[in-house]
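With chain A held as given, fit chain B onto it using these hints.
Note that the protein sequences, when read in sequence, are chains A and B. Each residue of the first sequence is one higher than the last, beginning at 1 in my numbering. Each residue of the second sequence is one higher than the last, beginning at 1 in my numbering.
I should point out that these hints are in silico values taken from the structure, not numbers from a laboratory. Be aware that one or more of the hints could be misleading.
Stated by the list, open to error - Distance condition first, Cα-Cα at most 20 Å in a straight line; then the derived SDA-like pairs of lysine to any residue: (1) Lys36(B) / Gly197(A); (2) Lys36(B) / Gly475(A); (3) Lys456(A) / Gly475(A); (4) Lys36(B) / Phe195(A); (5) Lys91(B) / Asp353(A); (6) Lys195(B) / Thr304(A); (7) Lys170(A) / Phe55(A); (8) Lys36(B) / Glu194(A); (9) Lys36(B) / Gly139(A); (10) Lys36(B) / Leu239(A).
Claimed, not checked - Here are some of the chain A residues that sit facing chain B, going by a computed Cβ distance under 8 Å: (11) Glu362; (12) Ile394; (13) Trp395.
Note that beta-carbon positions come from the ideal geometry of N, C-alpha and C, so glycine has one too.
Single-letter residue listing:
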Amino acid sequence: MRHLCRFLGLLVFLILPSEGSGEEYAFLEVDTVQDAYFVQEPVRVRVRFGLDAEFFKASSIPLFHRRLDLSVQVLAPWLKGIDGMVREGQLESRGGRDTRTFVLNDGPTVARRIDDRRIGDRVFEVYEISRRFWPSEPGEVIIPESTLCFAFATKFADDFLNGRRPLDRKDASVSDAGMSLTIHPLPDSGRPSEFTGAVGRFFVQADASSTVLDVGESFKLVLTFEGEGNLAFFETPELMDLSGFHRYGKIETKEASKRTVTYDLAPLSGEVGEIPAIRFGFFDPRPPAAYQVISTDPIPLTVTSLAGEFTDPPPHGEIDQSALESELFSSEEDGFDLEEDIPSVEKEAVRRDIYDLKTGGEIAAGRAERGGVSPVAFFLVILAPWPFFASFLIWRRGRSRGRMDPRRVRALTASSKFQELAGGPDPDLARAFAEFLADRLGDPAAAMISKNLAAKLIAAGVSEELADRASEQLGRLVDARYGGDAPTSGIDTIGAMVGELDASLAEREGEL
Amino acid sequence: MIGILLGLIVGVTSICDAECDYRDGRFAESRRQFEKVLSSGEEASGPILYNLGNCSYRLGRLADSIYYYRRALIRLPGDRELLFNLRLVEKEIGLEVASDSHLSAIETMLAAFPPGRLLGLLGILQAFGLIGLVFFRNGWARTGSISLVLIALSGALWLARTEWFPGRIDAVVIADSVEVRAGPHPTLAVTDRLKAGRTVAVAEMSDRWVRIADEDGGGWIPRFCVGVVD
Numbered sequence: 001m002r003h004l005c006r007f008l009g010l011l012v013f014l015i016l017p018s019e020g021s022g023e024e025y026a027f028l029e030v031d032t033v034q035d036a037y038f039v040q041e042p043v044r045v046r047v048r049f050g051l052d053a054e055f056f057k058a059s060s061i062p063l064f065h066r067r068l069d070l071s072v073q074v075l076a077p078w079l080k081g082i083d084g085m086v087r088e089g090q091l092e093s094r095g096g097r098d099t100r101t102f103v104l105n106d107g108p109t110v111a112r113r114i115d116d117r118r119i120g121d122r123v124f125e126v127y128e129i130s131r132r133f134w135p136s137e138p139g140e141v142i143i144p145e146s147t148l149c150f151a152f153a154t155k156f157a158d159d160f161l162n163g164r165r166p167l168d169r170k171d172a173s174v175s176d177a178g179m180s181l182t183i184h185p186l187p188d189s190g191r192p193s194e195f196t197g198a199v200g201r202f203f204v205q206a207d208a209s210s211t212v213l214d215v216g217e218s219f220k221l222v223l224t225f226e227g228e229g230n231l232a233f234f235e236t237p238e239l240m241d242l243s244g245f246h247r248y249g250k251i252e253t254k255e256a257s258k259r260t261v262t263y264d265l266a267p268l269s270g271e272v273g274e275i276p277a278i279r280f281g282f283f284d285p286r287p288p289a290a291y292q293v294i295s296t297d298p299i300p301l302t303v304t305s306l307a308g309e310f311t312d313p314p315p316h317g318e319i320d321q322s323a324l325e326s327e328l329f330s331s332e333e334d335g336f337d338l339e340e341d342i343p344s345v346e347k348e349a350v351r352r353d354i355y356d357l358k359t360g361g362e363i364a365a366g367r368a369e370r371g372g373v374s375p376v377a378f379f380l381v382i383l384a385p386w387p388f389f390a391s392f393l394i395w396r397r398g399r400s401r402g403r404m405d406p407r408r409v410r411a412l413t414a415s416s417k418f419q420e421l422a423g424g425p426d427p428d429l430a431r432a433f434a435e436f437l438a439d440r441l442g443d444p445a446a447a448m449i450s451k452n453l454a455a456k457l458i459a460a461g462v463s464e465e466l467a468d469r470a471s472e473q474l475g476r477l478v479d480a481r482y483g484g485d486a487p488t489s490g491i492d493t494i495g496a497m498v499g500e501l502d503a504s505l506a507e508r509e510g511e512l
Numbered sequence: 001m002i003g004i005l006l007g008l009i010v011g012v013t014s015i016c017d018a019e020c021d022y023r024d025g026r027f028a029e030s031r032r033q034f035e036k037v038l039s040s041g042e043e044a045s046g047p048i049l050y051n052l053g054n055c056s057y058r059l060g061r062l063a064d065s066i067y068y069y070r071r072a073l074i075r076l077p078g079d080r081e082l083l084f085n086l087r088l089v090e091k092e093i094g095l096e097v098a099s100d101s102h103l104s105a106i107e108t109m110l111a112a113f114p115p116g117r118l119l120g121l122l123g124i125l126q127a128f129g130l131i132g133l134v135f136f137r138n139g140w141a142r143t144g145s146i147s148l149v150l151i152a153l154s155g156a157l158w159l160a161r162t163e164w165f166p167g168r169i170d171a172v173v174i175a176d177s178v179e180v181r182a183g184p185h186p187t188l189a190v191t192d193r194l195k196a197g198r199t200v201a202v203a204e205m206s207d208r209w210v211r212i213a214d215e216d217g218g219g220w221i222p223r224f225c226v227g228v229v230d
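In isolation and in its complexed conformation, chain A is listed as follows:
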């Protein structure tokens, strides 16, 4: 259908040329080899444009100041990227022998000249550029419209200073409508386990840097992948499970036509006799499209190891069952009593095999397996209570000590004792006051009646004025008592003085 449209377009071009449309003097084509591809199968998109040689020689006008072989501009922004496809780095027109410069999109590039095309009585010089893409997903891929632009004139004037000047410049263009491609997914059926995304047709070769080795000695195994396809995109074998070998690492290098993977390996024992064949799977899209698996040739190795001076462990399966049982299930010698520790196991049916896998539920439970403990939580739970505990103990000890001190007990009860003695029906205020002072100062009551009372009170921390008043008051009370007269001060006055003395002495004790 596409070719029919193109034929009709050419027919129109020949029969009905339109001034300024450019179709008379040039054409533009965009095509691919086929309309349908597989995912990751390389798609080469070709852009061809043809120019009427004689016309362009006589009538074309440069589009840009820069000197170019072809005074045309091709607008094909999709060459920078198409949705659903990954583009290759460079245009494939580079490197050809017969190339011409022109403008592609917004910059100069080169196109390769291919065979001329004769249309009617005109010869068109045909140029081609192409780019490879790799479809990344199945579906439909649209290649949008492309346009070829040029300018020409039919009348020119020769100017001594400016050279040939066009007098009737006309800008023209021709377009290609674009196309759509169908991208098929790779089939699931028949996909080998060795398939790692390679699409195309490939060959692989293995080479070893050394074939005579000691156990543990490292050497290089080089796999070289060549062929046509998505060489740069598939995953190369990891060789992590290569039997008898340890893999240190791998390095890859990519070139246009081959991909090289170098593995750093080491044999693990002297029993290793060869590097086994390495299998590689790919999908060949050529009919009949199918998966294929190729393999490298085994590489014989000579691996030297020291003679074994100890017994190797028995290979799996050749176990002395009775010895194993007696060792495993002895409850006297081993600390690990399997019979008791195995849940729901009959005494007669002793376990001789490992337990089964942990399944989804246990894995889900294991998501919250350990977690951690933050230092803050540890501090708050374990360490923080200790200062409070210690403070409480110190406080309680201090209180107990205070309670056990007789002087302290006397001092604490002095005021209440005065109230008791002074509150009776016939109070002996002299005695009550003297008892109070004695309790507070820690001396006998008789010692209070002395000229040194004021000094003692001052020494205990009472102010001089209060001490003098207290001493005078006691003197008056004692004189009144022994003189038979009534006390000159009432109980309230004495009580107030007791309060003052109590507060003053307590304040002093608090400071101490």
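What follows is chain B alone, placed relative to chain A:
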């Protein structure tokens, strides 16, 4: 969020595939699937490592199974099935299994608790002990309170050590046999030989060599011959 969900779905699908492969006897493929799940980091690694140990055992790679079981033991301490499998494989491979001391039995019991829960339990014990010390002046009650406090503090010390000062790093010999050398070079004198599956203490590590320490003094072995238990 969608990415996490998709990752979980993919992880679950891979686990199901791995389990199906295991049941069907495709142990190598099952192991590959479990390794993929482990490297994705989406699932709890303890049960996955346990399953990798099972796959390795079925494939006859006993040293590898010991290596995976020991790594799983860090994450699932006190798991009975795991301990049984590990002991069974060590017996099969010919290793002497040291009987559990009372101390290690207590450690195993403590390790079975999630750390947060254990911390809470210790806090409660300590609180009861301290309250008892406040109210009881003498007699069995005071002795009991002191005991509670000491037990709580011992547990807290153990917890702090395991959480923040994990101590030695172990490695399992995964090669069939390995020579222990006096220094990190293949030409130096051989001082000992280790069998597959043996667990050694790692004193030092470089890209290609590991220095081990044991009762015989230790030495250096190639890094690729051991799997570091982490």
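Consistency of the hints with the structure:
no.	hint	result
1	Lys36(B) / Gly197(A)	holds (18 Å)
2	Lys36(B) / Gly475(A)	violated (103 Å)
3	Lys456(A) / Gly475(A)	holds (15 Å)
4	Lys36(B) / Phe195(A)	holds (17 Å)
5	Lys91(B) / Asp353(A)	holds (12 Å)
6	Lys195(B) / Thr304(A)	holds (18 Å)
7	Lys170(A) / Phe55(A)	holds (13 Å)
8	Lys36(B) / Glu194(A)	holds (16 Å)
9	Lys36(B) / Gly139(A)	violated (30 Å)
10	Lys36(B) / Leu239(A)	holds (15 Å)
11	Glu362	holds (5 Å)
12	Ile394	violated (12 Å)
13	Trp395	violated (11 Å)
When each numbered hint is compared with the structure, violations occur for hints 2, 9, 12 and 13.
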